[in-house]
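> Sequence:
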Amino acid sequence: MRITNEKKKLPVGIENFAKLRQEDFYYVDKTTMIRDLLNSWGEVNLFTRPRRFGKSLNMSMLKCFFEIGCDKTLFEGLEISKETELCERYMGKFPVVSVSLKGVDGLSFDKARSTLCSIIGNEALRFQFLLKDDNLTDKEKEQYQQLTEIGAESFVMTDSVLTESLKTLSALLQKHYGKKVVLLIDEYDVPLAKANERGYYPQMIDLIRGMFNQALKTNDSLFFAVMTGCLRVAKESIFTGLNNPSIFSITTVRFDEYFGFNDNEVREMLEYYGLTDKYESVKEWYDGYLFGDVNVYCPWDVINYCYELTGDPKAEPKNYWSNTSGNDVVRHFIERADSGMLKDEIESLIAGETVVKEIREDLTYNSLYNSIDNVWSVLFTTGYLTSCGRPKGKSFRLRIPNREIRDIFADQVIELFKENVEKDGEALRTFCDAIITGNAEAVEKLFISYLRRTISLRDTYTKDVKENYYHGILMGIFAYKSGWYVKSNKETGDGYGDIIIKTEDEDVGAIIEVKYAKAENGGGKPNEVMYKKCEEAIRQIDEMHYTDALIDDGCQTIYKYGIACRRKMCRVLCETEEAE
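Numbering (the numbering used here), first residue to last: 198 to 777.
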């Protein structure tokens, strides 16, 4: 079905709570987080979750609730509105300073620092009424102006002004309103992640540590603070001297239900949009995360897929999450898989099995990839792996959460394989020569050699996915053969063979049909099963007349390949067809 005017809009990419509520977007109610935050009470609260799990929307919700002058109608009909005494006491009662550090990036420290100045300066501009406040001294007004002065390109702040900026703004707002300040810092660790990538981590860690110490440790104007990020950065690196911040990570039970969608929330959304028949697909692709004691779906994925389905009921699930950022940590992980044990562990994970590892949740960005143990921890904290139940001490039983993340791992395996193929030009030339001369024995031997160098998929994956994987390996080889025309039916979806090849002179061509060979019900030895699959592939080429396109293009000799694969083994059959 398509969305009608009677249905709420799906909030694709909407992180502004007020906009979401005012413009009638669908909202999964997380407002009781406000009640629990006030009842549990921590002066400084840090929530760490993977990207795209609703951190920024929750921060926007907190701002809309607490800020003086807030629109109280935004919360009508939501769960928090039932807490009448709490709403009377806290709703719209506090000045709020809210900054997102998501955009703090730059090729140099100076560029990143300039961006940070702009973010603080733009937030300070919301409070220009301070310049007209007779309760503020001339010196205090001068302090405010130092936060909002604009140079030729950006806000200009000295180091001392920038370091004390959030503390200064808090003090001025407290004096104006007679109320302590709620401080919200979204994506607090992004400047550190970017600085580590760009090579100025020591300078950025000093700056952020100084700002946070001033804003969170020595700030007498602070009512409470909430921070979000992807990683729980080690206390000694950034929160030095801060007294007992409340840290709520993906392993913490308290607040575990407020980031991500639970199963009931997903069912309700699908029912609302008439998509209940897609429940199993949504669950397979986007469920599987364990936060505290709650199993959750990635909300970004669920919303995006529902949006596509409401416009195209036949839309297939796909990877939305990885497109929002790079997958460098998976690549670093797979690049280390040259030892037998780690390669086996990766194959086990991709197969849906589990591994047991000790996890450190408090890392520093400049140590993420110092050891394979740290990489395991990063994969866990950033959502590429999840836990099966509660840990035993520091030991976690880890697995890949869902089909989407498994495909990310498989795609990274193929990408790395492609790069390694390019480095071995002699093996590439020999393999391609065997393909266009019909040398099935050589093709089989060389392809097995390639398969043994990479990570394989085990039988727990569906047949189609495994066939696509081996198809991808072959396409990774052919991608570096210059002068050939290579067409992939898996990508185009037309009625031709899996892979079609034409040589430079277009006199010789090849059709390759890939099959995955698994003995059904335990019947048949692997070699026998693979041979039968090869024969099945050749029959399919003949029965579907896959060679017609090559004949029409003028190919005189066409090699028809049936390639059957199982883990790191394969069989290859080849028959020749001559054009009349």
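None of these hints come from the bench; they were simulated from the model.
One thing to keep in mind: the hints can contain errors.
[To be verified] Capping the alpha-carbon separation at 27 Å, the derived lysine-lysine pairs in DSS-like fashion look like this:
id: 1; residue 1: K290; residue 2: K205
id: 2; residue 1: K511; residue 2: K615
id: 3; residue 1: K620; residue 2: K684
id: 4; residue 1: K279; residue 2: K299
id: 5; residue 1: K475; residue 2: K540
id: 6; residue 1: K515; residue 2: K615
id: 7; residue 1: K765; residue 2: K620
id: 8; residue 1: K204; residue 2: K216
id: 9; residue 1: K554; residue 2: K540
id: 10; residue 1: K554; residue 2: K642
id: 11; residue 1: K299; residue 2: K204
id: 12; residue 1: K511; residue 2: K205
id: 13; residue 1: K642; residue 2: K591
id: 14; residue 1: K299; residue 2: K377
id: 15; residue 1: K511; residue 2: K554
id: 16; residue 1: K299; residue 2: K336
id: 17; residue 1: K722; residue 2: K642
id: 18; residue 1: K765; residue 2: K729
id: 19; residue 1: K206; residue 2: K308
id: 20; residue 1: K540; residue 2: K511
id: 21; residue 1: K511; residue 2: K338
id: 22; residue 1: K205; residue 2: K615
id: 23; residue 1: K290; residue 2: K376
[To be verified] The calculated label-pair distances, taken between Cβ atoms and stated as ranges, are:
id: 24; residue 1: D570; residue 2: S646; range: 25 to 33 Å
id: 25; residue 1: T270; residue 2: K540; range: 55 to 63 Å
id: 26; residue 1: D268; residue 2: D417; range: 42 to 50 Å
Fair warning: this is a prediction, and the values are worked out from it, not measured in the lab.
Glycine included, every Cβ here is placed at the ideal spot set by N, Cα and C.
> Compare the structure with each hint and give your call.
Against the structure, the hints come out as follows:
1. K290 with K205: 31 Å, violated
2. K511 with K615: 32 Å, violated
3. K620 with K684: OK: K620 and K684 at ~23 Å, within 27 Å.
4. K279 with K299: This hinted pair is violated, its Cα atoms lying about 33 Å apart.
5. K475 with K540: Between K475 and K540 the Cα gap is close to 34 Å, so the pair fails against 27 Å, i.e. violated.
6. K515 with K615: Status holds; Cα separation ~22 Å.
7. K765 with K620: Answer holds: K765 to K620 is near 21 Å, not above 27 Å.
8. K204 with K216: 17 Å, holds
9. K554 with K540: Given that 27 Å is the threshold and the Cα spacing comes to 15 Å, the pair holds.
10. K554 with K642: 37 Å, violated
11. K299 with K204: Not OK: K299 and K204 at ~32 Å, beyond 27 Å, violated.
12. K511 with K205: 21 Å, holds
13. K642 with K591: 45 Å, violated
14. K299 with K377: 26 Å, holds
15. K511 with K554: Not OK: K511 and K554 at ~40 Å, beyond 27 Å, violated.
16. K299 with K336: 32 Å, violated
17. K722 with K642: 19 Å, holds
18. K765 with K729: 18 Å, holds
19. K206 with K308: The given pair, whose Cα atoms are some 38 Å apart, is violated under the 27 Å limit.
20. K540 with K511: It is violated: about 37 Å lies between the C-alpha atoms, which goes past 27 Å.
21. K511 with K338: 60 Å, violated
22. K205 with K615: 44 Å, violated
23. K290 with K376: 8 Å, holds
24. D570 with S646: 25 to 33 Å: 32 Å, holds
25. T270 with K540: 55 to 63 Å: 57 Å Cβ-Cβ, so the 55 to 63 Å window holds.
26. D268 with D417: 42 to 50 Å: 30 Å, violated
Hints 1, 2, 4, 5, 10, 11, 13, 15, 16, 19, 20, 21, 22, 26 from the earlier list are contradicted by this structure; the remaining hints agree with it.
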